[in-house]
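One-letter residues, chain by chain:
Number of protein chains: 2
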Amino acid sequence: MLSLPIAMLAEYLQLLMVFQVILLSTDRWAQKDVNPALFSRELMRNSSSFLKDEEVNGDPQILLMKAHAATSSIGSATVIIAVLEKTGTLKIASVGDCGLKVIRKGQVMFSIPPQEHYFDCPYQISSEAAGQTYQDALVCSVNLMDGDMIVSGSDGLFDNIFDQEIISIISESSGVDEAAKALAELARKHSVDVTFDSPYSMEARSRGFDVPWWKKVLGAKLIGGKMDDITVVVAQVKTVAVPEDEGGDIEEQKGNEQSIAISVSSAEQNEE
Amino acid sequence: MLSLPIAMLAEYLQLLMVFQVILLSTDRWAQKDVNPALFSRELMRNSSSFLKDEEVNGDPQILLMKAHAATSSIGSATVIIAVLEKTGTLKIASVGDCGLKVIRKGQVMFSIPPQEHYFDCPYQISSEAAGQTYQDALVCSVNLMDGDMIVSGSDGLFDNIFDQEIISIISESSGVDEAAKALAELARKHSVDVTFDSPYSMEARSRGFDVPWWKKVLGAKLIGGKMDDITVVVAQVKTVAVPEDEGGDIEEQKGNEQSIAISVSSAEQNEE
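Protein sequences appear in the order of chains X and B. Residue 201 in UniProt numbering sits at position 201 of the first sequence; the count goes up by one each step and never skips. Residue 264 in UniProt numbering sits at position 264 of the second sequence; the count goes up by one each step and never skips.
Extracted from the complex, chain X is given alone in its bound form (with noise of 0.2 Å):
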């Protein structure tokens, strides 16, 4: 098992969240005798830091920026920054292949695809001028309403459970912590189940990587899940009362009792 080969980190900071899920790119910065874990961690502290600076002003891209060149450690990471709004509008900056969907009334009704240069070659924030950054982000907001799951994580998560999975665990689940940890453990469990059809493997065939001829001719298909470290964060949308020199503070929302929170919860499972 890797050391900390996953940082994640969920914080309140009033009403807004950021959340980070930071996947490593483990094997490349081991094999130059470089600790994977320092740069995400570096950039995760700094995004934590910035989060309440003027220039930031709630923009996760802008963020995004600041912390990364204020980031020395060398490295690379994928990265998602979600920022949520008293007004309910989530913000959200992704360079890589983390995900974020958004699970309102039994449905995905919002998803963000994976950037990669090639199958299962991220975009990835890096130390080095080869890297992306925070210009290469995909940069997007949805606006969410009471009751809402947002459900995060790194693609050791969606690349071995499928939408349909993750809309049944949410709803069988009694609360975010309980989400939380069931759709990390049947990640797990399929990533390791090689007879499990996975998103993986589905999309890896549909890139047209398969069995050897002489297999398909005999039945066989590209089938398993994909071995790989996953971090999930869930959170739920709730509408709270907001006294009113706080919910006052921005001009255009005078007068609003209302305002969006959320719980958060996350689970990890490690590679190993």
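Simulated from the structure, these hints should not be mistaken for laboratory data. Check before you lean on any hint, since a few could be wrong.
Identical copies look the same in the list; a pair holds intra-copy or inter-copy alike.
Said to hold, decoys possible - Only pairs whose alpha carbons sit at most 27 Å apart, straight line, appear in this in silico DSSO-like list of lysine-lysine: (1) Lys238 with Lys52; (2) Lys105 with Lys91; (3) Lys189 with Lys66; (4) Lys238 with Lys189; (5) Lys181 with Lys238; (6) Lys238 with Lys32; (7) Lys52 with Lys91; (8) Lys105 with Lys216; (9) Lys181 with Lys91; (10) Lys91 with Lys66; (11) Lys52 with Lys215; (12) Lys52 with Lys66; (13) Lys216 with Lys66; (14) Lys105 with Lys238.
These figures come from a predicted structure and were not determined experimentally.
Got chain X; can you put chain B on it based on the hints?
Below, chain B alone, put in the same frame as chain X:
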């Protein structure tokens, strides 16, 4: 062939874009002796006339609310409204199973999933109280870049054509006209191909629909395209220079000489 079964609008207003893809629930309304085109046409006319409304202020959800409230025809429709801001943010409100994808550097980097009550029964804006309203819309936005291609369409497009096919056609086409026509034509071809394993048939099987068991035993499965009306809108994003007096009308943009514009083309294929 139905008379005007799909209505579609692509309109420039300065640097704003509105496009709406409205698919009519033809069968149900035809049975009630209601011309199903009337509702969507009026909804579109109203959307167009409210585009510069002060209260709307570029917000596609408010635009939908006002257009819907002003529509007196009987009927229902699925709808996407997308408004492109000068800064490059595409603001979207969607009710139902129309789709919108953004293609950047040869990959789908943003996509809107369909909203439906159950398989093949989409959310719809309606003249009846039982229908959905602007409050049920998926409201989101995405920051566009120079060169991005936007592909929007009715479910007749996305039920019959895979992302990889869309990407191929976009990359091979000389412009938005050619791309829109090629996408509509390929979707039409697939829609009448009973041997094509379409996105629609794959989705149907994943929801538990399939051929009877005795056909399954013989190796058969539910495949085929989905015969439907097909509307495609393709838009390409370009950075353009803006004269100072135009670029400076929003305070934050003062001194910004770059702005985002689009070229749009559309194509239709009616179910025969």
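Verification of the hints:
Within a single copy, Lys238 and Lys52 get their C-alpha atoms as close as 23 Å, which meets the 27 Å cut-off; across copies the closest is 34 Å, which misses it. With identical chains, the CA atoms of Lys105 and Lys91 are at most 27 Å apart both within one copy (21 Å) and between copies (23 Å). For the identical chains of this complex, Lys189 and Lys66 are neighbours neither inside a copy (38 Å) nor across copies (49 Å), given an alpha-carbon limit of 27 Å. For the identical chains of this complex, Lys238 and Lys189 are neighbours neither inside a copy (31 Å) nor across copies (46 Å), given an alpha-carbon limit of 27 Å.
Proximity of Lys181 and Lys238 under a CA criterion of 27 Å is satisfied intra-copy only: 21 Å inside one chain copy versus 45 Å between copies. Within a single copy, Lys238 and Lys32 get their C-alpha atoms no closer than 46 Å, and across copies no closer than 41 Å, so neither meets the 27 Å cut-off. In this assembly of identical chains, Lys52 and Lys91 lie within 27 Å of each other by CA distance both inside one copy and across copies; the values are 15 Å within and 26 Å between. Taking the shortest alpha-carbon separations for Lys105 and Lys216, neither the intra-copy value of 41 Å nor the inter-copy value of 33 Å comes in at or below 27 Å.
In the homo-oligomer, the alpha carbons of Lys181 and Lys91 lie at most 27 Å apart inside one protomer (25 Å), although the nearest pairing across protomers, at 35 Å, exceeds that limit. When the C-alpha separation of Lys91 and Lys66 is checked against a cutoff of 27 Å, the pair qualifies both within a copy, at 17 Å, and between copies, at 26 Å. Neither within a single protomer nor between protomers do Lys52 and Lys215 lie at most 27 Å apart by alpha-carbon distance, with minima of 57 Å and 62 Å respectively. Taking the shortest Cα distances, Lys52 and Lys66 sit within 27 Å of each other inside one copy (12 Å), while across copies they are farther apart (37 Å).
Neither within a single protomer nor between protomers do Lys216 and Lys66 lie at most 27 Å apart by alpha-carbon distance, with minima of 50 Å and 57 Å respectively. In this homomeric assembly, Lys105 and Lys238 come within 27 Å of each other (Cα to Cα) only inside a single copy, at 14 Å, whereas the closest approach across copies is 37 Å.
Violated hints, in rising order: 3, 4, 6, 8, 11 and 13; the structure is consistent with all others.
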